[in-house]
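S.K.: Chain order of the listed sequences is A and B.
Counted from 1, the first sequence has number 39 at position 39 by the working numbering; the numbering is strictly sequential.
Counted from 1, the second sequence has number 1106 at position 106 by the working numbering; the numbering is strictly sequential.
Watch out, some of these pointers could steer you wrong.
[Claimed, not checked] One-sided and incomplete, this derived list gives chain B residues near chain A with beta-carbon spacing under 10 Å:
#1 G1025
#2 T1026
#3 G1027
#4 Y1028
#5 V1047
#6 L1049
#7 L1078
#8 N1087
#9 S1091
#10 G1121
These are computed hints drawn from the structure, not numbers from a lab.
Yeah, the Cβ is synthetic: ideal placement off N, Cα and C, and Gly gets one too.
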Amino acid sequence: MTRPIFAAACARLLLAAALLPLVVASAPAPVLAQSERGSAPELNTADDEFSRQLSELKKSFADLSKKFDESAQSLDRLNSAEAARKEIEELRDHVGKLLAAVADNGTVWGLGNKALSRAEEKLKSLQQETRYRQEDRQFLIDRWRELKAATESAIGELEGARKDFAELLRKLQTSEDFIDELLQIREHQRALEVIHKLTDGIRDASDKLKKLLGTIKTPGA
Amino acid sequence: MRPVAIAPLLLAPLLALASCDTDKGTGYVEIKAIPPSANVSLYLDAVKLEPLRNGNAVLRQKVGMAKLQSDEGGQMALLCNIEVKKNRITSVTVSIMSRQPRCLCGRTNAAEPAASRACIG
Chain A
1 MTRPIFAAAC
11 ARLLLAAALL
21 PLVVASAPAP
31 VLAQSERGSA
41 PELNTADDEF
51 SRQLSELKKS
61 FADLSKKFDE
71 SAQSLDRLNS
81 AEAARKEIEE
91 LRDHVGKLLA
101 AVADNGTVWG
111 LGNKALSRAE
121 EKLKSLQQET
131 RYRQEDRQFL
141 IDRWRELKAA
151 TESAIGELEG
161 ARKDFAELLR
171 KLQTSEDFID
181 ELLQIREHQR
191 ALEVIHKLTD
201 GIRDASDKLK
211 KLLGTIKTPG
221 A
Chain B
1001 MRPVAIAPLL
1011 LAPLLALASC
1021 DTDKGTGYVE
1031 IKAIPPSANV
1041 SLYLDAVKLE
1051 PLRNGNAVLR
1061 QKVGMAKLQS
1071 DEGGQMALLC
1081 NIEVKKNRIT
1091 SVTVSIMSRQ
1101 PRCLCGRTNA
1111 AEPAASRACI
1121 G
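Next up, chain A with everything else stripped away, as it sits in the complex:
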C-alpha cells in the first residue's frame, strides 16, 4: 500500500523538481521575504502538526491492534510453517511502519520535541511579558503550562510505545529466524509449535496497543 503513495509522492517530487528552474527564473526576488514571513507560521504549526500526526498515529495503532488479533487467529489455524513465515514477515512490515514514526529520528517524535521546545519558549517569553494585564498573562501561562504537560505526557507514552515496538520487532525476527532454521532441518511440527507460542506474544502486543490508545492524549484536543 505504501508503494502507490510513495510513487505518487515521487511523481510530485519530480514535477516540483522539473518546475523548479522555471519558478526560480521567473521569481527570484521574493524568496527571502517569503522565508522571513514564513518563519512565524511555521512555529505556530509545530504543536498543531504534532497533534495531527499523533491522531493519525492513534488511528494506525487501532488498525494494527486489529491486524494483530487477525494474525494471531490465522497463525493459530495455520498448518503450514511457510505460510506462517509470510504472515510474520507481513507483521514485521506493519510494526516497522509504527516504529518509524516513534523512532528517535522519526516524524512524530521529532514533532513532539519541537512542540515541547515551543511550549518552553512561550512560557519563558510570557513570564517576561509586560504588555498584558496580570490576569490575562496568567491565563496564557496556565494554558501553555497545560499544553506543555500534555505534550510531555504524550512524549512519555510514545517512548513506551517505541520500547514495546522494538521489543516486538525483535521477537518477530528472532521467531522467523528460528522457524527458518527448523524448516532447514525439516522440523515442521516444531516450527508450528514456535508459531503457536508466538501468537501469545502477538495478542499481548495487541492488548498493549489497546491500552496505549486509551492513555495517549492528543495535546490541545
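Fit chain B to the known structure of chain A by using the hints.
M.R.: Relative to chain A, chain B alone:
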C-alpha cells in the same frame, strides 16, 4: 541567469529520480549506552545523534551498512559497522566504561573475519 547557475537546477529532476529508489527500504538500529548516563558524541554514518535519553535510542536507518562512530576530541573513531536489514532491528551496546568507547554487537556473523565483523540484526 548564468548557465552555471542553471545547471544544478536542471540536474534536480535526475536527483529526485535517484531518491525514489524504494527497493531497499528501511530498518532500525537500537543503541544502548553503558552506563546509561554516559556522555559520548555518537555519529551514525555522517549524522550526529542527539544525546541518548536514558541511555537508549532507536533509529530509523536506510537498509545497508552503517558506520557507528564516536567523536574523540574532534577525531572520528569507528566503533563498529552495523548491517541494517529491511524491517529488522539491529542492537548495539556502546560501552563507555573505559576511556575509549567500545561497541558490543547483539549479534554478529561468526563466518566473517573478526576484523571486518559487523553487527547484524
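S.K.: All hints are to be evaluated individually against the structure, with a verdict given for each.
M.R.: Verification of the supplied hints:
1. Given the 10 Å rule on beta carbons, the hint for G1025/B holds: about 8 Å separates it from the nearest Cβ of chain A.
2. Look at T1026/B: its Cβ gets to within about 7 Å of chain A, closer than 10 Å, so that hint holds up.
3. Checking G1027/B against chain A: minimum C-beta separation of about 8 Å stays under 10 Å; hint holds.
4. Contact between Y1028/B and chain A, as hinted, is supported at the beta carbon level, the nearest pair being about 6 Å apart and thus within 10 Å.
5. Below 10 Å, beta-carbon pairs count as interface contacts, and V1047/B has one with chain A at about 8 Å; its hint therefore holds.
6. With a least beta-carbon distance of about 8 Å to chain A, the hint placing L1049/B at the interface is held under the 10 Å criterion.
7. At about 21 Å, the closest approach between the beta carbon of L1078/B and any beta carbon in chain A exceeds 10 Å, and the interface hint on this residue is violated.
8. Satisfaction of the interface hint for N1087/B is found here, the shortest Cβ-Cβ separation to chain A being roughly 4 Å, below the 10 Å cut-off.
9. With a cut of 10 Å, the hint placing S1091/B at the interface with chain A holds, because the nearest CB-to-CB distance is about 7 Å.
10. A cut of 10 Å between beta carbons decides the hint on G1121/B: the least distance to chain A is about 7 Å, and the hint holds.
Taken one by one, the earlier hints fail for this structure only at number 7.
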